[in-house]
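Protein chains in written order, with numbering that gives the first Met the number 0: chain A, 0 to 366; chain B, 0 to 299; chain C, 0 to 202.
Simulated from the structure, these hints should not be mistaken for lab results. One or more of the hints may lead you astray.
Claimed, not checked - From chain A, some residues computed to sit far from chain B (all C-beta separations above 10 Å):
id, residue
1, Leu-18
2, Arg-26
3, Leu-117
4, Gly-135
5, Gly-162
6, Gln-169
7, Glu-266
What the hints assert, rightly or not - Okay, derived cross-link-like pairs now, BS3-like style, lysine-lysine, Cα gap no bigger than 27 Å in a straight line:
id, chain 1, residue 1, chain 2, residue 2
8, B, Lys-86, A, Lys-331
9, A, Lys-331, B, Lys-82
10, A, Lys-64, B, Lys-82
11, B, Lys-154, B, Lys-174
12, B, Lys-86, A, Lys-64
13, C, Lys-82, C, Lys-13
14, B, Lys-86, C, Lys-13
15, A, Lys-347, B, Lys-174
16, B, Lys-257, A, Lys-347
17, B, Lys-63, B, Lys-82
18, A, Lys-347, B, Lys-154
19, B, Lys-63, B, Lys-86
20, B, Lys-82, C, Lys-13
21, A, Lys-331, B, Lys-174
22, C, Lys-79, C, Lys-13
23, C, Lys-158, C, Lys-199
24, B, Lys-63, C, Lys-13
25, A, Lys-64, A, Lys-331
26, A, Lys-109, A, Lys-261
Keep in mind the model is a prediction, meaning the values are calculated, not measured. We treat Cβ as the ideally placed atom computed from N, Cα and C, and that holds for glycine.
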Amino acid sequence: MYVAVKGGERAIENAHRLLAHARRGDRNVPEVTLGQISEQLGLAVDRVMSEGSLYDRELAALAIKQARGDMIEAIFLVRAFRATLPRFGASEPVDTGAMRVERRVSSTFKDIPGGQILGPTFDYTHRLLDPQLAEGFVPEEPATAEVATTATPRVTDILGRDGLIEPSPQAAPDAPVGDLTREPLNFPADRDLRLQNLARGDEGFLLAMGYSTQRGYGRNHPFAGEIRFGEVDVEFFAEDVGFAVPLGSIELTECQMVNQFKGSATEAPCFTRGYGLAFGQSERKTMSMALVDRALRARELGEEVRAPAQDEEFVMSHSDNVQATGFVEHLKLPHYVDFQSELGLLRKLRQEFVEANDVEPLQEAAE
Amino acid sequence: MNAPAYNFAYLDEQTKRMIRRAILKAIAIPGYQVPFASREMPMPYGWGTGGVQVTAAILGPDDKLKVIDQGSDDTTNAISIRKFFAKTAGVATTTATEDATVIQTRHRIPETTLGAGQVLVYQVPIPEPLRYLEPRETETRRMHALAEYGLMHVKLYEDIARFGHIATAYAYPVKVNARYVMDPSPTPKFDNPKMDNCAALQLFGAGREKRIYAIPPYTQVVSLDFEDHPFEPYRYNAPCALCGADNSYLDEIVTDDKGGRMFVCSDTDFCEGRQADGHHGSLSAAPYKEKAQQQETSNG
Amino acid sequence: MTTIAELPPGFADKVLSAQSTFRSVMDAMARPGSVRRIAPVAGTPGPMMRGTAAIALTLFDHDTPLWLDARLRESPDVLKWLKFHTGAPVVQDSSVVSFALIADGAALPPLERFALGSNEYPDRSATVILQVESLSDGCAYELRGPGIDGTAAFQAAIKPADLFERLRINEALFPRGIDVVLVADATVVAIPRTTRLVTKGSQ
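Kindly produce the complete structure, drawing on both the sequences and the hints.
In structure tokens, the structure reads:
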């Protein structure tokens, strides 16, 4: 006698209960707070906001907590929430030239107006595990100085003044802004949609793609013109009042790569650009993004498309970690009926093989 | 904190309008994949986000929803999706195929013949039947535009040359209304004939790939084949061990590690219905009496 | 002039009325020739019929450019009502629209002037919503095609009288084409681009 498996509903409920228990961990250890995540795991929060495309530190911290620190799961939680939000419109373009800069480095000039500002960076730390941090370490207060009043113009603007770099394309102010979360994506895609895709794209995927361009798979001779991190104001043009209303400020990291020059018989040679932008402090992400953005401009710049990073269908179709993890992980869902159909076919082919070749029955056929 | 507040059937009205417009065009152009701005759903891509969005866009308070995965109402993902709609739309649910007005499915078409008052919504992972032959969307779109399906015939023919048979057992490509080659989703090819001239409307949703397509009722759906190698549905040659049916698609259950196995209907509602009507298989638990308790009623 | 407050109302229950209207239109599109009833009630500005108004509230928004025929365009209430309740932009160029609303079928422009889609994207084509006198009395039509079990018969008083002759472009252009929704008061019949006329009787 055989009774078919039942009780899936109970199993799901029990699994959810067990998950909540596992998430909490040892109950003798104090529960982590959203404030602790937001303040002390700030770069994790930045990544979840960037790839979740929603600037809200508290929700991102909640997502990280709920996801037990699984970053892609946290990004997914934020995305699913974002999808339910009403949309009022697009903000005015933010002016990163007017950023209140906290960190700013250029690898192209020794000194620049406004200076190089090292800021909070791992760059010159020695990667030695620090036992002090294991037990209630109170760091020194940071060094302070007068707030600098000098402007910090973007390095690409400085190059642009002499025409040494291609002008940054100025979109018509009334032109609609593409949004791949609202309209189905078609290929070939314009740069606004490509950049949106990359901004939402998986940091690891972009890192690997960007890295591949450096190793010769679509090399584009990059120089880190500038990486800046700091605060910018966000404004929204309200039609009823007729002017832009400030909404608040957000932290951004921007990377502008200066790349391989172009030129022709009719056009003076100049450097080209690759662009990266992310919420919070995300240098690895923005630098990788800038490399891939430049690689994806191959078609526009008349370069031969040969490498994966230059192939927009390949890059854009596989950059999204929420999509990727869904499709990879869905393989754990039941596939009994399609597998059974495949099994039936395979058995038949093996049977025919045995008959045609007059060999001993293959193992399964023996039973 | 921005506390979430959700609409009837989860999706906001603007999203529903967009999906509804896509569904209408899909019905008007049978087998053509309409691009749509698929939303991020509160379940992972691959779990049926396309089917869920289509169902959410059509579902109303008078509907009775059935959800199956692998033919069964009791697989965990089917339960999860059914609960999602019971919760967000307060809709009545059922496991009885003939009682349902909307049936969302993953990988099977019910054995019970569908009627004119029903809509079958398929969850689709890869909607493009040509995708495994040509990965580029720009290329496959051109092939559909020109109805240039030679590549597919070459692939099927190569199978025959190599294996003596068309080596596609599920997601077996079909031609709809003599125009578009279409992926039926990963249903076993056993189910393909059910799509042809079906009285119910069939809608297909692919969330991650952002496509919706449809087969209107009473539309010709032909499985691709060759004159000398005609399409053959596959079914393991045995009666169901529980209900004795010899015309239903069967799950293979491995009962021990010594080669023991049994075959039972994959469509659990069909199988239970037959047992309730007094049909027996070699291993059925007779008399069959658990059905009434196990069947889910409304708002499960 | 009518103020916004005096405009005919939209749906009393936006969510459920839109769902119910959509199901009627979906069923109509899936079963060409079958007459479907649109139950929800909304205001009817100017010459707009109940069914047309309900379809507008259900399917139109900022993303669906519209074209209106002269009779509808002449009604300031129609323009205001559509803008207020749907936000859909009314445009002059009929070749880029998602929907066209026709109140005066006798003046229906050549169908080629509407968006027909491309062979790559045949879905980017207009749905023409044509108000007719009756979908219960008049000339007998017999149709065949996907969605129809054999043939489907219905009676209607349609202007232009040669609508089905004009719809022959759908045969030549497929998969490009025009999909038509006929509206008479609160009833609808859909004629998607795959539907063919078998016979047409007299009045």
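Cross-check of the supplied hints:
The non-interface label for A/Leu-18 is consistent with chain B: the shortest C-beta to C-beta separation is roughly 14 Å, beyond 10 Å. Interface exclusion of A/Arg-26 from chain B stands, the closest Cβ pair being 25 Å apart, more than 10 Å. Separation of A/Leu-117 from chain B is adequate, the least Cβ-Cβ distance of about 35 Å exceeding the 10 Å criterion. Taking the minimum C-beta to C-beta distance to chain B, about 29 Å, the non-interface status of A/Gly-135 holds against the 10 Å cut.
No Cβ of chain B comes within 10 Å of the Cβ of A/Gly-162; the nearest lies about 35 Å off, and the non-interface call holds. Distance check on A/Gln-169: its Cβ is at least 27 Å (rounded) from any Cβ of chain B, clearing the 10 Å threshold; non-interface status holds. At roughly 29 Å from the closest C-beta of chain B, the C-beta of A/Glu-266 stays outside 10 Å, upholding its exclusion from the interface. The hinted pair formed by B/Lys-86 and A/Lys-331 meets the criterion: a straight-line CA distance of about 25 Å does not exceed 27 Å.
Restraint check: the Cα-Cα separation between A/Lys-331 and B/Lys-82 comes to about 21 Å, which is no more than 27 Å; the hinted pair holds. A threshold of 27 Å between alpha carbons decides the hint, and for A/Lys-64 with B/Lys-82 the separation of about 25 Å falls inside it, so the pair holds. Restraint check: the Cα-Cα separation between B/Lys-154 and B/Lys-174 comes to about 15 Å, which is no more than 27 Å; the hinted pair holds. Between B/Lys-86 and A/Lys-64 the alpha-carbon distance is near 25 Å, which keeps this suggested pair within the 27 Å criterion.
Between C/Lys-82 and C/Lys-13 the CA atoms are separated by roughly 16 Å; this keeps the pair inside 27 Å, and the hint holds. Under the criterion of a C-alpha separation no larger than 27 Å, the hint pairing B/Lys-86 with C/Lys-13 is consistent with the structure, at around 20 Å. Simply put, A/Lys-347 and B/Lys-174 have alpha-carbon atoms about 26 Å apart, close enough for the 27 Å limit, and the pair holds. Of the pairs offered as hints, the one joining B/Lys-257 and A/Lys-347 holds, with about 21 Å between alpha carbons and a cut-off of 27 Å not exceeded.
At roughly 13 Å between alpha-carbon atoms, B/Lys-63 and B/Lys-82 fall within 27 Å of each other, so this suggested pair holds. Restraint check for A/Lys-347 and B/Lys-154: the C-alpha separation of about 20 Å stays at or below 27 Å, so the hint holds. Under the criterion of a C-alpha separation no larger than 27 Å, the hint pairing B/Lys-63 with B/Lys-86 is consistent with the structure, at around 14 Å. With a C-alpha separation of about 24 Å, the suggested pair B/Lys-82 and C/Lys-13 falls inside the 27 Å cut-off, and the hint holds.
Distance restraint check for A/Lys-331 and B/Lys-174: the Cα-Cα separation of roughly 30 Å exceeds the 27 Å cut-off, and the hinted pair is therefore not satisfied. A threshold of 27 Å between alpha carbons decides the hint, and for C/Lys-79 with C/Lys-13 the separation of about 19 Å falls inside it, so the pair holds. Of the pairs offered as hints, the one joining C/Lys-158 and C/Lys-199 holds, with about 14 Å between alpha carbons and a cut-off of 27 Å not exceeded. Proximity of B/Lys-63 to C/Lys-13 is assessed by CA-CA distance (about 21 Å); at most 27 Å being required, the pair is judged to hold.
A distance of roughly 25 Å separates the Cα atoms of A/Lys-64 and A/Lys-331; the hinted pair therefore holds under the 27 Å criterion. Distance restraint check for A/Lys-109 and A/Lys-261: the Cα-Cα separation of roughly 25 Å lies within the 27 Å cut-off, and the hinted pair is therefore satisfied.
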